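Produce the entire structure from the sequences given, and follow the hints as far as they go.
For the record, the sequence lines run as chains F and U.
Heads up, the first sequence is in the numbering used here, so the first residue is 1 and it goes up one at a time.
Heads up, the second sequence is in the numbering used here, so the first residue is 130 and it goes up one at a time.
Heads up, some of the hints might be wrong.
Estimated spans, in silico, between C-beta atoms of each pair [said to hold, decoys possible]:
#1 U:L134 to F:N95: 31 to 41 Å
#2 F:S32 to U:L150: 26 to 36 Å
#3 U:L245 to F:S3: 49 to 59 Å
Hint data in this document are derived by calculation from the structure and do not stem from the laboratory.
Predicted model only: the values in this text are computed from it and were never measured.
All residues carry an ideal CB built from backbone N, CA and C; glycine is no exception.
One letter stands for each residue in the lines below.
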Amino acid sequence: MTSPRLAESITVGVGGAVGAVVRFEIWQWRDSPKWLLVNTFGINAFGCLVLGAALGYLSGTRTPVLRAAAIGLACGFTSFSFYALQGVTYDGAWNSVVYILVTPVVAVTALAAGALITRPHTRPVEALR
Amino acid sequence: MTPVLLVAFGGAAGALVHYRLTHAVTDPRRAALTTVLACAVLGFVTAASPPQWFLTLVCFGFLGALAPMTSVALLTVTQVRRGRYRKAAVFLLATVVGGIACTMLGFLLYSSGLTLYRKF
Numbered sequence: 001m002t003s004p005r006l007a008e009s010i011t012v013g014v015g016g017a018v019g020a021v022v023r024f025e026i027w028q029w030r031d032s033p034k035w036l037l038v039n040t041f042g043i044n045a046f047g048c049l050v051l052g053a054a055l056g057y058l059s060g061t062r063t064p065v066l067r068a069a070a071i072g073l074a075c076g077f078t079s080f081s082f083y084a085l086q087g088v089t090y091d092g093a094w095n096s097v098v099y100i101l102v103t104p105v106v107a108v109t110a111l112a113a114g115a116l117i118t119r120p121h122t123r124p125v126e127a128l129r
Numbered sequence: 130m131t132p133v134l135l136v137a138f139g140g141a142a143g144a145l146v147h148y149r150l151t152h153a154v155t156d157p158r159r160a161a162l163t164t165v166l167a168c169a170v171l172g173f174v175t176a177a178s179p180p181q182w183f184l185t186l187v188c189f190g191f192l193g194a195l196a197p198m199t200s201v202a203l204l205t206v207t208q209v210r211r212g213r214y215r216k217a218a219v220f221l222l223a224t225v226v227g228g229i230a231c232t233m234l235g236f237l238l239y240s241s242g243l244t245l246y247r248k249f
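In C-alpha cells:
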C-alpha cells in the first residue's frame, strides 16, 4: 500500500468514526420513532449539504486527502440504510410514503446547492472531484 | 462509553469498506450494489433483534456507514453534471427502490424463515 493511499484510508476511517458517533449521539437525544424519522431526514439533508459545500470548495484543487476526509465524515454521518429501514418499519403509512419519496430528492438538491454555493469561480471547475 | 466506541469502530470500518469498494465514490454500479446489499443485511439483522452490543457495532456503526445517503446523492449529481441524465435517474431510482425492497426482503426473510424453521 503506497503512502497517499494509506493517508486516504486513515482519514476516511477517522472521518467515518466521528460521523457515525455524531449520528448515534443525535439519535440518543430522544427515543421515539417519529423523532428518529425526523432526525434521520435532517441528518441526511444536512450531511449532503455540507458534503456538497466541501466538494464544491475543493473542486479544481488536487487535495485527495481532504476530499477523502470529507467523504469519510459524510459516509459515517449520513445513512441510506437507516432511511430505508425507518421508512419501511414506521407505523404511519402516509408519513412513511412522504418520507421515502422526499428524502432522496432533498438529499440530491442539498448536495447540488451546497456545491453551487461554495464553487470557486476563478478556478477551472471540474465535475465535483 | 462502550457503545460510542463500538459505533466509532463500526463506522470507521463501514466508511472505509464503502470508500474502497466504490473506488473513492466514483463507481455508480458498485455503490448501488453495496447500498442495496447493506439495506438487505440491515433489514435481516433488525428482524433478528440481536443483543445490544451487536446492534450498536454492526447496525448503527458498520451498516449505517456502509450505505451513506451522500454517496447516492453525490453520484447522481456527478452523472447529471456530466450530462448523463438518464444514467443519473436510473441510478437514483434503482438505489431507492432496490434499497427499500431489499430492506423489506431482508426483514421478511428472517420472519418467514423463522416460521418455516419452527414448522418443520
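Subject >> Verdict for U:L245, F:S3 (Cβ pair) under range 49 to 59 Å >> reply: holds, 52 Å
**OP:** Go ahead and decide if the range 26 to 36 Å is satisfied by the Cβ distance of F:S32 to U:L150.
**Re:** holds, 34 Å
**OP:** Could you see if the CB distance from U:L134 to F:N95 stays within 31 to 41 Å?
**Re:** Holds, since U:L134 and F:N95 (Cβ atoms, about 34 Å apart) stay within the stated range.
The structure agrees with every numbered hint stated previously.
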